[in-house]
Amino acid sequence: MSYKQKIAARAAKTISTGMIINLGIGLPTLIPCYLDPMVRVMIHSENGVLGAGAAATHENAHPMQIDAGGGYITVNKGASFFDSATSFAIVRGGRLDIAFLGALEISERGDLANWIIPGKFAPGIGGGMELAQKARKLIVVTSHCTKKGLPKLIPQCTLPLTAKKCVDMIITELAVFEVVDDELILIEIARESSLDEIRKKTTARFKAAEGELPAF
Amino acid sequence: MSYKQKIAARAAKTISTGMIINLGIGLPTLIPCYLDPMVRVMIHSENGVLGAGAAATHENAHPMQIDAGGGYITVNKGASFFDSATSFAIVRGGRLDIAFLGALEISERGDLANWIIPGKFAPGIGGGMELAQKARKLIVVTSHCTKKGLPKLIPQCTLPLTAKKCVDMIITELAVFEVVDDELILIEIARESSLDEIRKKTTARFKAAEGELPAF
Amino acid sequence: MNKTTSIKKAVSLIQSGQTIMVGGFGNPGTPMTLLEALLNSGVKDLVMIKNEVNEPGIGISRLVEAGMVRKLIISHLGLNSRVIEMMNRKEVEVEFHPQGILADKIRCGGAGLLGFITDIGVDTIIAETREIIMFEGQKAILEPSLRADAALIHSATADKLGNLCYTKTAFSFNPLMAQAADLVIAETFNLVEPGGINPDHVHTPCVFVDHIVQVENNQKLYGVLAHHVL
Amino acid sequence: MNKTTSIKKAVSLIQSGQTIMVGGFGNPGTPMTLLEALLNSGVKDLVMIKNEVNEPGIGISRLVEAGMVRKLIISHLGLNSRVIEMMNRKEVEVEFHPQGILADKIRCGGAGLLGFITDIGVDTIIAETREIIMFEGQKAILEPSLRADAALIHSATADKLGNLCYTKTAFSFNPLMAQAADLVIAETFNLVEPGGINPDHVHTPCVFVDHIVQVENNQKLYGVLAHHVL
Numbered sequence: 001m002s003y004k005q006k007i008a009a010r011a012a013k014t015i016s017t018g019m020i021i022n023l024g025i026g027l028p029t030l031i032p033c034y035l036d037p038m039v040r041v042m043i044h045s046e047n048g049v050l051g052a053g054a055a056a057t058h059e060n061a062h063p064m065q066i067d068a069g070g071g072y073i074t075v076n077k078g079a080s081f082f083d084s085a086t087s088f089a090i091v092r093g094g095r096l097d098i099a100f101l102g103a104l105e106i107s108e109r110g111d112l113a114n115w116i117i118p119g120k121f122a123p124g125i126g127g128g129m130e131l132a133q134k135a136r137k138l139i140v141v142t143s144h145c146t147k148k149g150l151p152k153l154i155p156q157c158t159l160p161l162t163a164k165k166c167v168d169m170i171i172t173e174l175a176v177f178e179v180v181d182d183e184l185i186l187i188e189i190a191r192e193s194s195l196d197e198i199r200k201k202t203t204a205r206f207k208a209a210e211g212e213l214p215a216f
Numbered sequence: 001m002s003y004k005q006k007i008a009a010r011a012a013k014t015i016s017t018g019m020i021i022n023l024g025i026g027l028p029t030l031i032p033c034y035l036d037p038m039v040r041v042m043i044h045s046e047n048g049v050l051g052a053g054a055a056a057t058h059e060n061a062h063p064m065q066i067d068a069g070g071g072y073i074t075v076n077k078g079a080s081f082f083d084s085a086t087s088f089a090i091v092r093g094g095r096l097d098i099a100f101l102g103a104l105e106i107s108e109r110g111d112l113a114n115w116i117i118p119g120k121f122a123p124g125i126g127g128g129m130e131l132a133q134k135a136r137k138l139i140v141v142t143s144h145c146t147k148k149g150l151p152k153l154i155p156q157c158t159l160p161l162t163a164k165k166c167v168d169m170i171i172t173e174l175a176v177f178e179v180v181d182d183e184l185i186l187i188e189i190a191r192e193s194s195l196d197e198i199r200k201k202t203t204a205r206f207k208a209a210e211g212e213l214p215a216f
Numbered sequence: 001m002n003k004t005t006s007i008k009k010a011v012s013l014i015q016s017g018q019t020i021m022v023g024g025f026g027n028p029g030t031p032m033t034l035l036e037a038l039l040n041s042g043v044k045d046l047v048m049i050k051n052e053v054n055e056p057g058i059g060i061s062r063l064v065e066a067g068m069v070r071k072l073i074i075s076h077l078g079l080n081s082r083v084i085e086m087m088n089r090k091e092v093e094v095e096f097h098p099q100g101i102l103a104d105k106i107r108c109g110g111a112g113l114l115g116f117i118t119d120i121g122v123d124t125i126i127a128e129t130r131e132i133i134m135f136e137g138q139k140a141i142l143e144p145s146l147r148a149d150a151a152l153i154h155s156a157t158a159d160k161l162g163n164l165c166y167t168k169t170a171f172s173f174n175p176l177m178a179q180a181a182d183l184v185i186a187e188t189f190n191l192v193e194p195g196g197i198n199p200d201h202v203h204t205p206c207v208f209v210d211h212i213v214q215v216e217n218n219q220k221l222y223g224v225l226a227h228h229v230l
Numbered sequence: 001m002n003k004t005t006s007i008k009k010a011v012s013l014i015q016s017g018q019t020i021m022v023g024g025f026g027n028p029g030t031p032m033t034l035l036e037a038l039l040n041s042g043v044k045d046l047v048m049i050k051n052e053v054n055e056p057g058i059g060i061s062r063l064v065e066a067g068m069v070r071k072l073i074i075s076h077l078g079l080n081s082r083v084i085e086m087m088n089r090k091e092v093e094v095e096f097h098p099q100g101i102l103a104d105k106i107r108c109g110g111a112g113l114l115g116f117i118t119d120i121g122v123d124t125i126i127a128e129t130r131e132i133i134m135f136e137g138q139k140a141i142l143e144p145s146l147r148a149d150a151a152l153i154h155s156a157t158a159d160k161l162g163n164l165c166y167t168k169t170a171f172s173f174n175p176l177m178a179q180a181a182d183l184v185i186a187e188t189f190n191l192v193e194p195g196g197i198n199p200d201h202v203h204t205p206c207v208f209v210d211h212i213v214q215v216e217n218n219q220k221l222y223g224v225l226a227h228h229v230l
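Protein chains in written order, with our numbering: chain A, 1 to 216; chain B, 1 to 216; chain C, 1 to 230; chain D, 1 to 230.
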């Protein structure tokens, strides 16, 4: 299992039947592979579909049926298609139970930065700002550190924000945190990791939940 | 021919093929009866239909198919149904070639008052304000005087306005006026009437168009 | 997620004092069965949002006439002389909006926007009760969005997940209100299984709808009003 | 009112210096044939509004790469490294908006409203370039509506009057842009006679559409992009 798969598998456990979820581009799109088949969710993709199914194959890909990441998709029974204004009425109207997004930085009070590195990476915001600000629950799924090995969970974001105090949960390959009352609470530790390692790789202040922490 | 029929017949002549028109409640709904059958228009009704046809009969009335006045209607080939936001996108987006409305008062610069008599008649504005303010051309079809015989074309409106400087043309049983550069121009006189009668029954300042005025 | 339920259970979720949106324009699209059940439920002190109030003895007018409605937020009272009289006697408070402005206030509420900016009515008395700003060189009204505790919706066809289709002039305010309330109850004539509606033809995606109630196309409630046929 | 015309005649109505909306999100809904004709028409100095810029060598990206576009108003540049490089070299100006905000700016333009009020982005750098007010006790952005000289629309089916139907994820920005431009040109795969579309299933009423061009469902332009299939 790669670190991405580990994160996706843990993220899948946050989802329960009846939920409406949105999966950001990249790592989040792996999450459905790890869903219990008994869990029935509806996947919203902001390009205008509710009820997205598995990725399409060369046999059943339809040129007019993609998700927001550009991949060809199937749809489940009960799906619907709609325009971009309706799609963001779903987002901003608070109809998404969970949105899963990646991160460049997360502050210790739950601010998220994930869309721009001024002067280096500025492809535009897409739907991320609205997803971050308005989903009922925002779960960040990300590697614990940057490619250079620097912590992503830091006291204050240095990059421009996607949204302030928007993150509800953070799932990395090392740990799971919840954000409660503007504080980071460590609630699970990866089997492969330890509190020590997490402390070393996290400059954001955090508390550990009481009792022995579950492993994942 | 009643005075209403005379007005409706004259109003029908303002319509040409390809136009999108909206008919206010009451007198304006008589206008299609006088349309040349060669003239193909699409009738918009603000309750959410484009392509309204003739009034329905007891035989073909459908309980879910009415116009904004509540009358059952038929629809023509190429009709469409839509919600109230789309319906007013048509109105406010300037997509109506002509809106026909009634009037309580019209000022000499083309202000219209037709929706409220404070303390006496206040059923609400409905779609009138948006029709008056945003139709490409607003044609008022009205009796020349009130039931008490008082002029409706007056120097300044005394009643609350529907919209300021919105009227493009006024058709009464006595006369046809155009509003050009905030001035009323008399352009036609009813066969049954005379310039003298119109002057007597119109306190709004107006000019007569040059040359002999056509009769209607 | 089968969202079908009984009319009794659905209407029991509406409480006195709440703000309720009601779809429809005239009879078409008015959720007649839901309104009748609400009438019989005995709730009171409601704020109701609708295009108009139907005609005397019909639809929402029955609730107003029964004294269950404290305030109406509407576009016009049409020909409902009974409710006009109640308004004049101050038995019901009425807040009027231009029709398309009311529609867009609701659409904005459903779209998670705070409000919109319009030049409609700037030179009229409706501007007196509204916030005016200068916007791009012109006078404009700031119009706040509108949401409700619950919306009562009429649909022609629904699937059990809550996807809705409307027909003819029964669209009107229904698709807008279906997005703008915390609790959305939709009645439907035709109930189908998921997959029974072409995904291109869904007018209201199921994410907006909480409960579906199948109702009978009862001609007493939904039939042609003879006095409106020429 | 038969609104069908030739692609040559339709595209000849677009002039250098104009602001043009282009429907679609990725390939689906992008009016590939209209864009190809526009590419060959030699207009320049365009301001183009689209969700994104397609991928290198595809759709609107071809016009940007050809230097015909002065400015892009979009939500993101996606994976289009060629256009990102052009932006970095200042060969094309890019104005970014959050995706749903861009959608609603266009919807507002089409609805004859001046703008809307939103809390999206108030605590971010996008607020720095926008007008901020206090609205109902909170910081909010006044977002002006957006219109264009012309809109290029892709539809699945159209009748000759200009009523449009979309399919699958090819809705996206098309229905919004079809309302928000002074000149609306729609391409369609299927052209039918008036009456050939159920009035309940019309997505864009014909009143918004000026010209219809029937185009071939050419797999070179509209086919599946193999690199996006897993």
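Since the hints were derived computationally from the structure, they do not count as laboratory data.
Some hints here could point you the wrong way.
[What the hints assert, rightly or not] Pairs of lysine-lysine, DSSO-like flavour, derived with a Cα cap of 27 Å:
1) C:Lys-160 - B:Lys-165
2) B:Lys-120 - C:Lys-90
3) D:Lys-71 - A:Lys-120
4) A:Lys-137 - C:Lys-139
5) C:Lys-139 - A:Lys-77
6) C:Lys-139 - D:Lys-90
7) A:Lys-137 - D:Lys-139
8) D:Lys-160 - B:Lys-137
9) D:Lys-139 - A:Lys-165
10) A:Lys-120 - D:Lys-90
11) C:Lys-139 - B:Lys-137
12) C:Lys-9 - B:Lys-164
13) D:Lys-160 - B:Lys-77
14) A:Lys-164 - D:Lys-139
Straight-line alpha-carbon gap Lys-120 (chain A) to Lys-90 (chain D), limit 27 Å: Roughly 14 Å between the alpha carbons, so the hint for Lys-120 (chain A) and Lys-90 (chain D) holds.
Lys-160 (chain C) paired with Lys-165 (chain B) [C-alpha distance capped at 27 Å]: 51 Å, violated
Agreement of Lys-160 (chain D) and Lys-137 (chain B) with the hint, judged by alpha carbon distance not exceeding 27 Å: Status holds; Cα separation ~26 Å.
Satisfaction of hint between Lys-139 (chain C) and Lys-137 (chain A), Cα-Cα up to 27 Å: Outside the cut-off at roughly 39 Å; violated.
Agreement of Lys-139 (chain C) and Lys-137 (chain B) with the hint, judged by alpha carbon distance not exceeding 27 Å: 22 Å, holds
Pairwise hint evaluation, Lys-165 (chain A) against Lys-139 (chain D), where the allowed Cα distance is 27 Å at most: Satisfied, since the Cα-Cα distance of roughly 16 Å is no more than 27 Å.
Hint consistency between Lys-139 (chain C) and Lys-90 (chain D) [alpha-carbon to alpha-carbon, up to 27 Å]: 37 Å, violated
Lys-9 (chain C) paired with Lys-164 (chain B) [C-alpha distance capped at 27 Å]: With Cα atoms ~50 Å apart, Lys-9 (chain C) and Lys-164 (chain B) exceed 27 Å; violated.
27 Å limit on alpha-carbon distance, applied to hinted pair Lys-164 (chain A) and Lys-139 (chain D): Holds, because 13 Å separates the two Cα atoms, which is no more than 27 Å.
Lys-137 (chain A) paired with Lys-139 (chain D) [C-alpha distance capped at 27 Å]: 22 Å, holds
Lys-71 (chain D) paired with Lys-120 (chain A) [C-alpha distance capped at 27 Å]: Holds, at roughly 20 Å.
Straight-line alpha-carbon gap Lys-120 (chain B) to Lys-90 (chain C), limit 27 Å: Roughly 14 Å separates the two Cα atoms, so the pair holds.
Consistency note: the structure conflicts with the earlier hints numbered 1, 4, 5, 6 and 12.
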